[in-house]
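Novice: Each residue of the sequence shown is one higher than the last, beginning at 36 in the working numbering.
If you are wondering where the hints come from, they were derived from the structure by calculation, not from laboratory data. Don't take each hint at face value.
Using 27 angstroms as the maximum straight-line C-alpha spacing, the simulated DSS-like pairs for lysine-lysine come out as follows [stated by the list, open to error]:
#1 66 <-> 84
#2 84 <-> 123
#3 123 <-> 172
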Amino acid sequence: MKLLKLLQLLIYTLLLSSTKQLLADQSCLLKVFSQYCLGGDVVELGRRKPGSIHQQREGERFALIYPVGRELDYVMAYQGKIYKVLRKFDPATSGRYREMRNQITEQYGRPREESLFPAGKAGLAAKIGAIERGEGKALLIWESERIPWRVELGWNRELGLYLAYIITPERLHLLGNGVVNE
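Based on the sequences and whatever the hints tell you, model everything.
Specialist: What follows is the structure, encoded as structure tokens:
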């Protein structure tokens, strides 16, 4: 009799766990870096992946930072929903930037160029120097009406080389979370 009750409890627990996972997966618009769900619940992420090196809360915004080898992953949430996942790459090199640009372009098509450099900084060495001095930034954005997120590949003095996946404010609003000002 006790064995039967124990078995029933085990089955109930497994079903409840599966149901929670199914509901959590439904809010996942995109699995980023095989670990983070855009649109997912940040509290659930904290439970599932407790190894963050930094947490910060400002009003309805919440941020977690996770180490991944030499890289850092920044996970940002608004009203409990993850709206941005950014990976900062170390070291930042022009070769790595070009390689990532080519891979993302293969997947999402041509990006929109939003890089800013001082006049006359046309060569690669001049652009890298401008980035290191904080006088310029490289920024490519892939965005489409077909997908509810955008992809940014950037290189600036503050973050170095980074890749970010960001839910569009319109989609975040549809998830019932209001508008995010980035």
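Novice: For every hint, state whether the structure bears it out.
Specialist: Evaluation of the provided hints:
1. Among the hinted pairs, residue 66 with residue 84 is consistent with the structure: their alpha-carbon atoms are about 14 angstroms apart, no more than 27 angstroms.
2. This hinted pair checks out: residue 84 and residue 123 have alpha carbons roughly 19 angstroms apart, not beyond 27 angstroms.
3. Annotation: proposed proximity of residue 123 to residue 172 holds, straight-line Cα distance about 15 angstroms (limit 27 angstroms).
Against the hints set out earlier in the document, no violation occurs for any number.
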